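**Student:** Remember, the numbering used here sits 491 above the position in the sequence shown when you count from 1.
Just so you know, the hints here were simulated from the structure itself, not pulled from any lab data.
Note that the structure is predicted; figures quoted are calculated from it, not measured.
There's no promise every hint is true.
Unchecked claim - Once the Cα atoms are required to be at most 27 Å apart in a straight line, the calculated DSSO-like pairs of lysine-lysine come out as:
id	residue 1	residue 2
1	K748	K780
2	K780	K793
3	K845	K807
4	K738	K748
5	K608	K686
6	K686	K614
7	K793	K748
8	K807	K793
9	K594	K845
10	K780	K797
11	K686	K594
12	K608	K594
13	K614	K845
14	K608	K748
15	K608	K966
16	K966	K904
17	K845	K793
18	K966	K899
19	K966	K686
20	K921	K614
21	K797	K845
22	K921	K594
23	K738	K807
24	K686	K738
25	K748	K686
26	K748	K797
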Amino acid sequence: MNKRGRQVVDIARYFHHLDNDATIAALERRVENGDSIFDNVDAGVWFRDCHTEVDQPVQGTVEGVIPSWIDGVLIRNGPGSWNVGEESFDHLFDCSGLLHRFKISSGLVTYQCKFIKSESYIKNHAARRIVVTGFGTRFVPDPCASIFQRIATLFKPGSDNTLVSVYPIQDQVYALGDSNYMHRIDPATLDTLEKMDLARDVTILHQTSHPLTTSDGETFNLGVTLRPTGPRYCILQLNDVADHRVKLVTSVPVRWKFHPGYMHTFAMTPHYFIIVEQPLSISVPRLIKNSVTNRPLATCLKFFEKQSTIFHVLDKTTGSVNIHSTPRYAQMFRARPLRFRLDLASPRTAPTGKVRPSVICDVGCETPRMNGQHQGRPYTYFYAISADIDRDNPGTLIKVNVQNNTCKSWSQKDVYPSEPVFVATPNAVKEDEGVLLSVLLWSHHPTRVSLLVLNARTMQELGRVNFTTPTPVPKCLHGWYFPHERKDA
492 MNKRGRQVVD
502 IARYFHHLDN
512 DATIAALERR
522 VENGDSIFDN
532 VDAGVWFRDC
542 HTEVDQPVQG
552 TVEGVIPSWI
562 DGVLIRNGPG
572 SWNVGEESFD
582 HLFDCSGLLH
592 RFKISSGLVT
602 YQCKFIKSES
612 YIKNHAARRI
622 VVTGFGTRFV
632 PDPCASIFQR
642 IATLFKPGSD
652 NTLVSVYPIQ
662 DQVYALGDSN
672 YMHRIDPATL
682 DTLEKMDLAR
692 DVTILHQTSH
702 PLTTSDGETF
712 NLGVTLRPTG
722 PRYCILQLND
732 VADHRVKLVT
742 SVPVRWKFHP
752 GYMHTFAMTP
762 HYFIIVEQPL
772 SISVPRLIKN
782 SVTNRPLATC
792 LKFFEKQSTI
802 FHVLDKTTGS
812 VNIHSTPRYA
822 QMFRARPLRF
832 RLDLASPRTA
842 PTGKVRPSVI
852 CDVGCETPRM
862 NGQHQGRPYT
872 YFYAISADID
882 RDNPGTLIKV
892 NVQNNTCKSW
902 SQKDVYPSEP
912 VFVATPNAVK
922 EDEGVLLSVL
932 LWSHHPTRVS
942 LLVLNARTMQ
952 ELGRVNFTTP
962 TPVPKCLHGW
972 YFPHERKDA
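With the hints as constraints, model all of the structure from the sequences given.
**Tutor:** Structural data, given as structure tokens:
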């Protein structure tokens, strides 16, 4: 513990299990009694509503030192409001998407936030009620509408809400969700400029909210496309998405024709695309039924508990596929970082063709990020936030060394950090030579927000900038740092 009350500890030997029957039974009793399961967690940071946009930059108060070489903009995306009029969304992924902008220059930082003006947002707020069915929320038909008006609404497209991530593609910036929609945004003003529908270019059900870009500037994403023979996982090239052109690079059949996997991300190396097909799927029969009954997408999810996870390894040049599978994946839901070694030279030398993972470290990790220069290449470190909500400080930032299986962390009581974003020092030589940027929220202080700057090598705090906003600030999901050499940032 340092003099400012912030912890920097080595947690390489930290073990945290919740898998014994007595512990689970005790938690179940607390739920039955209406008690909080984990006393150290303030889930309220996810339920805050932004009442008004912060259109004009708010100047923050600096504590410590913000390195002067950091000159750019951090833009983050996430749920912004649970309510429309007197109605509330039923799922976090349906909340109105809110962009946060932190401009960093000369050791000073300003803050702004603005809602993504999707068609769903505009329609809902114009009606002052929820009129678009989302991931976990279905709209209630207007009681004043005629029977013909109600039938017509069943054939309208679903939500185009893109509240998950922010990503640069070529010279443009986009907000994404796990759907076929993207919104082009202005990184200087946070204005929503244009909606992009990838289904106009290729027949896809959805794409992930986490594209990947190669060192030579090619951007790819994973989607699910429909073919006469059934759905297929497909790799999309998005370089020309601004011109409404999307290229389907390669594809592979889904394991179960009527149950394609629910995909949130994929992996890439210089020579391969890696698709991880988990047993959590989207039921096509339920999807068809729900288009008539107006049920949300979340009700279409089906989990095949006893099935394996399959790794599809696609050659970037030839499109050929190697397949590996891992059993008992359903038992691995404590979110530990795992290493899977796939033998590409002889993928089926084992009798079963199966691989088993090794645990890198016994610490829960969510929203992992790394030095972008090592994307798809050998690396040593990744950075994440804690997934162990039963820890003393569930809001913990973690640095993991995947070579020697050790971890370091930073935490502060009653503080909830966002996904850490790595920014390299100018002319950096070492992989972890740089800083981590993370947005901090406080329990019981909904209008307090800070931008934290950590030394990525030591996980020691360099400084932070504190803001008091005119509106509550909800917890965000993912973001991107744009250096100021971008003329539009």
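**Student:** Hint by hint, where does the structure go against what was stated? Just the numbers, ascending.
**Tutor:** Hint check: 8, 9, 13, 14, 20 and 25 fail, others pass.
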